[in-house]
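Sequential numbering from 358 applies to the sequence shown in the working numbering.
The hints are simulated quantities; they were obtained by calculation from the structure and are not laboratory data.
Mixed in with the good hints there might be a few duds.
[Unchecked claim] The calculated lysine-lysine pairs, modelled on DSS-like cross-linking and capped at a C-alpha distance of 27 Å, are:
id, residue 1, residue 2
1, Lys1264, Lys1216
2, Lys679, Lys1055
3, Lys1247, Lys1218
4, Lys1294, Lys1324
5, Lys930, Lys1126
6, Lys927, Lys857
7, Lys1264, Lys1337
8, Lys1150, Lys1189
9, Lys1273, Lys1337
10, Lys1270, Lys1337
11, Lys1199, Lys1247
12, Lys1264, Lys1294
13, Lys1319, Lys1280
14, Lys1150, Lys1126
15, Lys1273, Lys1199
16, Lys1247, Lys1324
17, Lys572, Lys555
Quick caveat, the model's predicted, so the values are computed rather than measured.
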Amino acid sequence: MFGSPRTPSGRKRRYTLLKSPGAGLNTSQLTPGVVGGNSLNASALQTSLLGETPLHILETSGSSLPVHVVESLLSLQTTPSTGWPVVLTQLWGWLVVRSRLLVFQHSQQRSSKTCFSLELPNSFLLHQANLCYVGETSPAPNCIVVSPMGVVRYWPNISHEAVFTETSVDMGGEECFQLVHLGEYNFVVATTTGSLIKVAVLGGRQANATLDTRKVKIHQGVLSELGKRMSSLLFGAMPIAGDTNHRLARRLLVRPTVDEVLILFENAIQCWGRWEDGAEAPRFDFDLNSLVKEAFRTKIWNNEPLSEEDIQCWCIDAQICKEEVLLLMAGVGAHMPSTLHYALALVDADCPQDLRTFTPLVETAVLTDANLDHLLAARCLLPHAREVFVYTRTKVMCIDLGEGDQDTIRLPANDAILGCGARDGQPLILTLNNHLALLKTTGRQALKTLPPDDTDRIAEWFLDPAELNCDPDSAEGLLRRALVHHSRGELTQSQTLLEKVFPTLVEGNAAEGMDEVLFDLSRALLDDPPAGDPRWGRRGGKGKSALIENQIADKEHAFDILIQFLKVNKVWKKLSGTVTVDGMELPTRLALHEHREMLAMAEGLNAAYERVRSAQRILDVAAKRVTAMRNEQAPSKSLSSRDLCFVRVARIDELLPEVQSYLEEFIEEEDASLIEHLINANALFVGALRGIKPLREKLLAQEPSLIEAGEYLPWTSRRLRSFVIRQCELSEEHALEHSFTSADTKRQIISQMVELSRCVLEDYVLHIKSLEVSAPRGSVELARQKMSADRQKLIGLLYKSKQLDTATSLAEEFLEFPLLVRICEESNQQSKLLNYMEMFSKENFAEFVFQYYVDTGKKDKLLSQPSTYNTELSRFLQAHGSLHWMHCIKSGDFRRACQSLKHLAEKERALLKRKKIQVSLAKLSALACANPQDGEKELDEINAMADLVALQESLSVQILAKNGYTKANCPVLEPAEMIKIITEANSQREQDYKIALDLVAFLPAEERPKFRRDIWARAILQDTWECLEGAYITDIMRDLLFFQIVELAFLQNYDLNEFMPPIDDLIQSELLNDIRDNDSFQYILCAGYEHVMRMTAT
């Protein structure tokens, strides 16, 4: 779709085999030639699709192979083998055909392709491509090969086949299976049983270079065990190099950064270190058998009750993956003996004692006795840290290490894979029939609506930094180039450029500043000048964007390419930071998606402009005002103001306020065509907003957690909410409320108002939902209050215009419950109201019904609700105590009625009479409780309140009058307040002071002594306390207020020992400072006390 034109997969070039490989060749260098008068591989210069999945494409590379390689490939069709005869590296590839090694270049153009044919050492065993190594130098590299029997041959320059050096190693009956490059001119050879041989080339690329070979053995003192076994306190039992123990080696790996070589066996992994200083020593040897079998049993066979003997597993290949080792494994269980499963696992390269990850592959194979070796010959390729490619003869399984996605590409019939490698981080495959093929990781299939020509145009004229005068080495320039490569399916090149901008992505980590850079790039894409429009200086190419409609479509496609690019490269999920947009912090992915919504607004606004011709004047005037406000000058006289506005998509919303401003000018002028202008303005608003909702719903369906990352106020609300609400108000005020507006026109305007109102309210819903996750409760409540106010306003406009059905529908959708209650009550639809109460029970609709009755004074309706809502009504009325106790009595819940009335009495301050009634009803309710014990718990407090009411009622009229109170309107007074007005009134009535003393019991305990002492002192000060000559003490006491109070208490059966204050405490009152030392006062007081004590003692 985004690549070069493809030829049908069934069309391939046929070649004639003129000579058998290696026969009649007089020179070692072969060049591309002509067979039968036709240029070889002419068809290969164009790509041909071999296989395609939603995430990958396998296609021929578009480059040719040398003649001799092509001819040799045909001979392999009759030479079945379980090995892999081809190895591919960045620049070179080599093919083993019987006793010849063909080394060829695959990365250059056809004109410079070279091929070298080298004679392999004699061997009774089949030569293997993985026992060869070719340097990466060009044009004539060095080469070293090892025969399975241990003969080592080295060519300093493969352009000279006859110039080589050779040596042999005594293998002791073992067979070599792999050669790896340690670095510079050092190599390691492994045998099938795990023995290691170090090979060094002395003299490098000199013609007289020599070979030094040495079997790797354990040095004395490394480990303490003698003989054929050795042990380690750290690693346990380990075999020495050369001690086979019948273990079959599968892969030899090099970790050059830590100077280590790893050997993978079928059920173990071994590590050798210290290669540079020649003191090679074993580091560890871990048995993986039990780990792998348990992983297969639990992860693939769902904990089937299988013993280790019931499971057979093999480690068949491995690759170094950063600080880990990626293992390719196969397994079969006794319960399913004919099904072979593959799996991938990661282990620590330093201590592989457990499986860090275990990923079963979806693809399985049918196992027979005859094909086991072929199935275990599967290999894995890890060209970069993101994906693993597991290949067999006929298919490639692609596994995403991060996301876990898997898919499989199968080769066409009669074709087979001969070997794999990587070029520029992209899998490169050599097949039997189609020769070189590239496996591209791409999500381009997601953009199937975009034709290849459009892709090329966008890539060439819209994304390319060279076309936009963008610094090619800046972050934006590099990313634009990466997008160009991505749009063409050149994933490796795009990844390389991406990692150049953000180097930490190589390690799988997000880069500092990545959110801001990508946000700025996205914003730049929105405002890029149109591709191929000569008015903007974009001449030539495949320009197709002179029309605004096409300009917006191009930007939409470019933006889709950007988002897909971020997702394919695993950057999208790493954008977990925020960027500042319109003065608020917004999650980066949401901010990027808002850019896509802006494109949708531009598309919708332009579509409304084209569709409603009568609206064009309004938008044209608005565009002129916007460009004037921006002070923007057109680069060409042929560009209109509308062109300037629509090219700056990031500010496309600025047109709508100017549309509204122009409409209000018509209103002020009382234009005769006002209704038409109003409809046109509404059409522009609706067109601009309509396309945003589907995009937003799709994003939030895919990533619902995005709005939970922080406060999300949609950009349409941030910039346009007040204007949209105002547009609805103008519609109602100047169209709906007028009787001369036709029914059809009203219907059209109502439809527009509904759509605009829905946009505002849907934005509110998203905003509140985002706040509910992490914002303080106060912020959530404030947003809800704002939504409620605007919701009432918008739906109220429809209600005011008698559009009851429409208002009801919107109110149901956005839970505008007060209006639903009002509509039902005013239309007397009680059944519908009850239906709402049931339908919206989780949203507490009943409370809105109850509140409506309270606000409108309909207490009878409130208290006559169905019994099924008793619980809801009781909960609601707890905040309305004056009604709550009535409901409780009506429902027979006297205990709660008592508690409610007691609570009302405790809070009552305005009127003593009301408190007395409340206390009385509370006492009656307590006495009426079904369970007497429930009532008794409340009675003590109620009786205390009743006593306090009685004491206030007993205050004299004179005392109340002095403080501006009457018996009829007296408020509830606090005990301390009543004591104060009694004592400060200088009353001569003992009853008043007795009331004050009784009130002391209602004060806090720590305050009582002082109040009691001061009350008695006030009573003392009401008399002169003079002792007349010849007067008897009782006669004197009778005239004193102090002893009159004592006499009243005595008559009321008070215990005077407790009622009267201790005389020593009494005289300490500050109020008695003036008479404390008066002899007459001291005599009368002491004598009076003695008389009282004597009288009470008898």
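Status of the hints after comparison with the structure:
1. Lys1264 <-> Lys1216: Measuring from Cα to Cα gives roughly 22 Å; hence the hint holds.
2. Lys679 <-> Lys1055: Distance of about 37 Å is beyond 27 Å: violated.
3. Lys1247 <-> Lys1218: holds (13 Å)
4. Lys1294 <-> Lys1324: violated (32 Å)
5. Lys930 <-> Lys1126: holds (22 Å)
6. Lys927 <-> Lys857: holds (15 Å)
7. Lys1264 <-> Lys1337: holds (22 Å)
8. Lys1150 <-> Lys1189: Status holds; Cα separation ~23 Å.
9. Lys1273 <-> Lys1337: Satisfied, since the Cα-Cα distance of roughly 22 Å is no more than 27 Å.
10. Lys1270 <-> Lys1337: holds (21 Å)
11. Lys1199 <-> Lys1247: holds (26 Å)
12. Lys1264 <-> Lys1294: With a Cα-Cα distance of about 20 Å, the restraint between Lys1264 and Lys1294 holds, given a limit of 27 Å.
13. Lys1319 <-> Lys1280: violated (33 Å)
14. Lys1150 <-> Lys1126: Holds, at roughly 21 Å.
15. Lys1273 <-> Lys1199: Given that 27 Å is the threshold and the Cα spacing comes to 40 Å, the pair is violated.
16. Lys1247 <-> Lys1324: Violated, at roughly 33 Å.
17. Lys572 <-> Lys555: holds (6 Å)
Consistency with the previously given hints fails for numbers 2, 4, 13, 15, 16, ordered from lowest to highest.
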